[in-house]
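Each protein sequence line maps, in turn, to chains U and P. Per this note's numbering, residue 9 is the first one in the first sequence, and the count goes up by one each step. Per this note's numbering, residue 43 is the first one in the second sequence, and the count goes up by one each step.
Honestly, the hints are just simulated from the structure, not real lab data. Treat the hints loosely; a few may be bogus.
Listed next, the in silico BS3-like pairs over lysine-lysine satisfying Cα-Cα at most 30 Å (straight line) [claimed, not checked]:
no. : chain 1 : residue 1 : chain 2 : residue 2
1   : P       : Lys58     : U       : Lys18
2   : U       : Lys71     : P       : Lys121
3   : U       : Lys77     : P       : Lys121
4   : P       : Lys205    : P       : Lys62
5   : P       : Lys91     : U       : Lys71
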Amino acid sequence: MKNPISGLNKTFDNRVRLGVMSILMVNEEVSFNDLKQMLEVTDGNLATHLVTLEEEGYLKVHKGFIGRKTNTTYAVTKAGEKAFKEHITALENMIRGIK
Amino acid sequence: MSVHNQHLESLEDIKKLMNKSSRFISLSGLSGVAAGLCALVAAWICREKVISYQKAHGLGEEHLREPLVFREGYEALAKDLILIAAVTFIAAFALAFLFTYLRSRKAGVAIWGYTARRVMINVLVPMLAGGLLVWRMMQLGVYGLIAPACLLFYGLALINGSKYTLTEIRYLGYGQLILGALNLWMLGYGLYFWAAGFGLLHIIYGIVMWNKYERTSSETVTV
């Protein structure tokens, strides 16, 4: 029998990380501040989760400037997109399985 | 069972964030109604102005639809009409902004967020192109085409912006396009098409949207 846990991605266990991925799936590029506003989290909290996602290779980070202020934007990588889609499929399968 | 619910919740979260991050959903139906009322009042004032101009030159109301003849006071009339249009635009925009601001505050969403900026840019680009065309038409004296051009470009702007806000606004855009196209072949009726497009269509759209999204939500809040 297939293990129902298989397919669920540990990286997306966290609400903030799952949220970041959801937003970036439907938007080409989103800045740090816009992510913070939409997810309603603190700077430090968001930064930690973004680093985790970046280390997994799911995010592309682009550091730019608006005037003198830094403006960091984020986008999903191909690997991130694939991992997210697999996670959603696994979630759906589990819900169907338990029903 | 709780694992089941947890997964369902995750999926709900994902759906909500995808929607919230890609569309500006605080646009209030009352904004449409307010803008429409401004347009109707302005159209009525313009009509009175034109009638009094015609009367001053011995023409009755039955000549209202004929092209205006260049006579004494024509420049002043044109200036008045442009001024009325400008004031109406500002008033309609301010009121539309106010109702949407109130709604976004109630929903706890920042009005000038990422999604709002995107709607604005996508609406403004076609509007500016249309504005440029209308401005040039005024310089060249092609007054008959101004009303249809306004309606056509406004329709395009709405259709363009609808990708980033409530999808239904697309139908308001189609309505403006149809009126603008009809107006191209009924040139003397610009003011009436203007009142129908910027006035009536806005009001109808606003009421429909308010009914669909805001009335029920405010009831559940108060109950």
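Going down the list of hints, with the structure as the test:
As the CA atoms of Lys58/P and Lys18/U are separated by approximately 21 Å, the hinted pair is consistent with the 30 Å bound. A hinted pair counts as satisfied when its Cα atoms are at most 30 Å apart, and Lys71/U with Lys121/P does not qualify at roughly 50 Å. Restraint check for Lys77/U and Lys121/P: the C-alpha separation of about 45 Å exceeds 30 Å, so the hint is violated. Taking the CA atoms of Lys205/P and Lys62/P, the gap is about 13 Å. The hint holds against a cut of 30 Å.
Taken as a hint, the Lys91/P and Lys71/U pair is broken in the structure, with Cα atoms around 57 Å apart against an allowance of 30 Å.
Comparing the model with each earlier hint shows violations of hints 2, 3, 5; every other hint is respected.
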